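Engineer: Spelled out from the first residue to the last, the chains are:
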Amino acid sequence: MIKSNKKLKQAKSLGIHSLLIVGAFMMAFPFLWMMLTSFKSSQEVINVDQWFPKEKIYWQDTKKGNEDFQVEIIEDYGEAAKIKFFIRRDPIIVDKSQLTKKTWLFSNFAKAWNKVQPSFGRYFVNTIVIAVVVTAGQVMTSILAAYAFVFFQFPFKNYIFTLFLATMMVPQQVLLIPNYLILSGLGWIDTYMALIIPWLAGVFGIFLLRQFFVQIPMELFEAAIIDGCSKWGFLFRILIPLSKPPIITISIFTFLGSWNSLLWPLVVTNSQEMRTIQVGLSYFSQAEGTEWELLMAASAFCIIPLIVMYIVAQKHFVQGEAGAGLKG
Amino acid sequence: MQVLKVNYKKILSVLFIVALVFSLGCSKKNEDVYTEQGKLKIKFWHAMGGILGKVLDDLIAEYNQSQDKYEVHTEFMGRYDILEQKIIASVMAENTPDIAQMYEGVTMFLTRDKGEESLIDLKPYVDKWDGYKDIFEVFQRNSTYDEGKIYSLPFNKSFPAMMYNKDILKLLNIASPPKTWAELRTIGTRVHKEVVVDKETSLPRLRREKEDPDVVPMMGYGFVVDPWTLEIMLLQNGGEMTNKDESQVKFDSDVSIDAMKFLVDAVREGWAYRTQGYNHQNDFSAQKVAFIITSSVSRKYMERKLVFPFSVAPIPMGKKKDVSIVSGTNISVFSSSTKKRQDGAWDFVKWFNSPEITARWAMSTFYVPTRKSSLELPMMKKWLKETEGGDAAMLQLPIGELEPRSSAWYRCRIVLRASMEKILSIVEKASFKGDSREIISQNLKADTAKMNKELKKYIN
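Chains as they are written, first to last, in our numbering: chain A, 1 to 328; chain B, 1 to 460.
Just so you know, these hints were derived from the structure itself, not from any lab. Being a predicted model, the structure only gives us computed values, none of them experimental. Treat each hint with caution, since some may be false.
[Claimed, not checked] Listed below are several chain A residues computed to face chain B (Cβ distance under 10 Å; list not exhaustive):
1) 45
2) 47
3) 90
4) 95
5) 98
6) 101
7) 116
8) 118
9) 119
10) 177
11) 182
12) 269
13) 292
A virtual CB, placed ideally from N, CA and C, is assigned to each residue, including glycine.
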């Protein structure tokens, strides 16, 4: 009896683990595919049956800016070889010492990095500055607004909150032109102000925190005040430490939203110096075609900061994601 | 619960300070800006990224070096739809660039729908320019608006082109690609029946007598649903897209239904298939399909991936007349620019449409040149000789037609595309046993009404 129970437990555990492994693989697959594609040649990326890059022959054209061309040897003459190009160019005979074999194309990363002007480095700086300031600002304003909505009484409180919620129903596209007009009137187009200030407050954060704060007993607030704690003291010493999960949730969503934003930075900036990484990525995908290997290489290095952030704050991420399901 | 005392004086003072800060932030607009070398800066918004953007940037750098009066500064706007939104917003905010590329719908919005002309009429400049009569006739029609006004000149213009795998034609002993849709059907069917994808090599080969039942047949024609194709087929078969004043579309006509039925039958017969995004390009590159129709410019992105002999031909022709439809944007100059900058903008537009530059633009991107004389340039002749299928788009210049230019047309196109998708998703199911013509007719009629509603909104 004990034995069969043990076996049942083992089978159950095996089943659960198998499911989890399949789930984990499904989640990791797009990432894995992106990484593998980023090392492939443009010919290899379209072959869906080929998982890993294969060995390829390259010839460097020293007369034309040292550009690397993938070639194929069509005739071997010992020390020299006749090579065929994969682009419109006549075959030529070259010394074999000029040919190099490559499998994993690390050069895709350098190509993608240098393809945009001024460089992805600048885009990274912009994106990090914007994402960090917007996240900090939005968390701060959300806390303050939610605090007021829950713990204080003021005229039209519920109406104002409903009005706040109503703004969530308006799609960003509809507001694009009016917002542009305001920013243009302020002379903020093509500045950090346009990229940061409109996002310093977010209704989602206010809503989420308000729903959390209403669960905290009012008696706690009143007791703190009676004991001589100031309103700010209650906020910083009691309320914020108690509200870590929703605050982390808001931080994650705001940071990711800011990191992945494309439409807004494109609309409110003009110069390349003010652009963000998502705008850089859009450079590789156009209406007429896509440079997949470069797009994947650029995507790979664009998510590195997010991965580092995830590794560093893994515990809080899990806490934060769990907090997303929070209800009032 | 604490009751907050509302201090209106405090609120008003905060608002006043905020307003003051905001007003200090307001920038001065519309001033001429000069470079350190004393050149007048001309701002140009475009949406050309990747390989095409690089070609454009190189050409513009050349323009900037070629003279000492103006310097064109490009600003990349990511995608056409975002560029369009931004142009409209910038016009309303009176914060426009000097030049921008745009589709005719936007040109119409900015010159007619908006009630005032946000773009300048280039006619006074064109009248003093001997190059205009050398512009291809289809582009002259494209640039000319009510009362003979010219609000734009051609910029990046393309035609659809048929890319084909020469190895597959060779296997079937077929000397030349299909010239008509009927020929495409015949050859496409043969490809599907007689050619397979070899399991070992993934290369095309002829079907053997004793064949593995799991062998993958080669597809004849792969396509993404695009109103462009249907519109061309409709015109080729003697139909019309709209009535004369472009107030009503005619996609519910018998000719339109016939055109759609060709695509439906192709899918139901098995030799053609519809796909999404860039998958037709990817499948062609992976030698899974013999023919695809795509923008002539897509070749620029694809040719680096093609490890087999391929070529490009014009889009197949129909039953009644040889027609194709030109696509791509034009370039316009904004009226909010100062006269000096408008002069500079015109100088650049004229330069870009000079025979040599338009020829080089075409040779580097597979867009079509805008000047007739560019085809006579020795460099163009040499390029055409060396580039098989390089003329696929250019051959369609004499038969080029235009899409309706109403600013509502973009929304009509979305409706038409959705209609085509819906029809194909119904009839391509193996379980579908009904009358495909009936399905096409019902859907096109219903969606024609929707499109007419969109056009009516625009007219009103």
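Engineer: Looking back at the hints listed earlier, which ones does the structure fail to meet?
Structural biologist: 4, 5, 6, 8 and 9
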